[in-house]
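Under the working numbering, think of the first position of the sequence shown as 1, with each following residue one higher.
Derived by calculation from the structure, the hints in this document are not laboratory data. Bear in mind that the values here come from a model prediction, so they are computed numbers and not experimental data. Beta carbons are placed, not taken as given, at the ideal position from N, Cα and C, and that holds for glycine. Some clues are possibly wrong.
Said to hold, decoys possible - Label-pair restraints from in silico Cβ distances:
id: 1; residue 1: S160; residue 2: E229; range: 16 to 26 angstroms
id: 2; residue 1: H173; residue 2: K97; range: 17 to 27 angstroms
id: 3; residue 1: R136; residue 2: E218; range: 31 to 41 angstroms
id: 4; residue 1: L57; residue 2: E262; range: 42 to 52 angstroms
id: 5; residue 1: R269; residue 2: T119; range: 47 to 57 angstroms
id: 6; residue 1: K238; residue 2: K97; range: 41 to 51 angstroms
id: 7; residue 1: E161; residue 2: T33; range: 34 to 44 angstroms
id: 8; residue 1: T258; residue 2: T119; range: 16 to 26 angstroms
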Amino acid sequence: MKIKNALSVLEQEKFGNLEVYINLENHAKLIMTDHIAYIGSQNFSDASEGNFELGFLVKDSKVIRDIERNIFAEIKNKSIYCIISEYRATMEEISVKLANKLQNIREDILTWVGDPPFTFRQEVFFIDDAYFHKERWEEFKEFHSEFEVITEKLIDEYPSEFNKESARETVKHLRKLVKLLVSELDELAKFKTNQEESMMWDKFHQLDVGENMEEALEDARYYVENYKEKNYREIEYKGKELIKTFDYIKESIQDIETIVDEIKDSMIRKALNQNIERILQDIKKQ
Numbered sequence: 001m002k003i004k005n006a007l008s009v010l011e012q013e014k015f016g017n018l019e020v021y022i023n024l025e026n027h028a029k030l031i032m033t034d035h036i037a038y039i040g041s042q043n044f045s046d047a048s049e050g051n052f053e054l055g056f057l058v059k060d061s062k063v064i065r066d067i068e069r070n071i072f073a074e075i076k077n078k079s080i081y082c083i084i085s086e087y088r089a090t091m092e093e094i095s096v097k098l099a100n101k102l103q104n105i106r107e108d109i110l111t112w113v114g115d116p117p118f119t120f121r122q123e124v125f126f127i128d129d130a131y132f133h134k135e136r137w138e139e140f141k142e143f144h145s146e147f148e149v150i151t152e153k154l155i156d157e158y159p160s161e162f163n164k165e166s167a168r169e170t171v172k173h174l175r176k177l178v179k180l181l182v183s184e185l186d187e188l189a190k191f192k193t194n195q196e197e198s199m200m201w202d203k204f205h206q207l208d209v210g211e212n213m214e215e216a217l218e219d220a221r222y223y224v225e226n227y228k229e230k231n232y233r234e235i236e237y238k239g240k241e242l243i244k245t246f247d248y249i250k251e252s253i254q255d256i257e258t259i260v261d262e263i264k265d266s267m268i269r270k271a272l273n274q275n276i277e278r279i280l281q282d283i284k285k286q
């Protein structure tokens, strides 16, 4: 019970990027940051309240690095790493990593205009300003598949707790939204990443007969701009719909977060039980 209570207190979901290691043979009290270290007898808790304790602070940066490389590393190597709850890892994957992927694509393609308080600030879509990072755009075409992997894994691991119908329906809707956005923008993306520059230079070489290089270059640029205007300008008229699609994709991600959050307790409990099992196995070996 004491082990379970301790692990519950140290559950990573409460402490961000905290890593937890358990060593039942360690009684050292070492508390440190990159700039200061405390070594002594006092527990870093209310357990030492009212006791006589002794310790000292280290502020020498070289000594602190030596403590981290030698003493702390030695304790860590002989300790049991506690598995973080799958809830924490999954939510971080969805709400940070994948949400950031969407935001990066959105910032590449859309442009903010306006100068508050004089003019209203808003997102708009201009084909001239839209930027398509080749690798990011190719990854985005399969953006929905990353959510499929996450939800199917949770369906397998939590068959009775996880709302598989709602999860699959939400991912299906997300897939439609991603495909819709890609279908509207992929031809423009191919043009801007693969064709635009080469088209200009090909046209320049056709026009350049050695008499006026600057004029040939200007005519080549005009040719490319005219081609872009003729073939892609109409996409700008769909700007509001494209922005709405980005918003709907974001909402779908939030919906998936909500579905995962429903099994938060089960996911944390699973990690807790796994850690207790590993600690008990270590005790049996001693």
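Violations among the numbered hints: 1, 6 and 8
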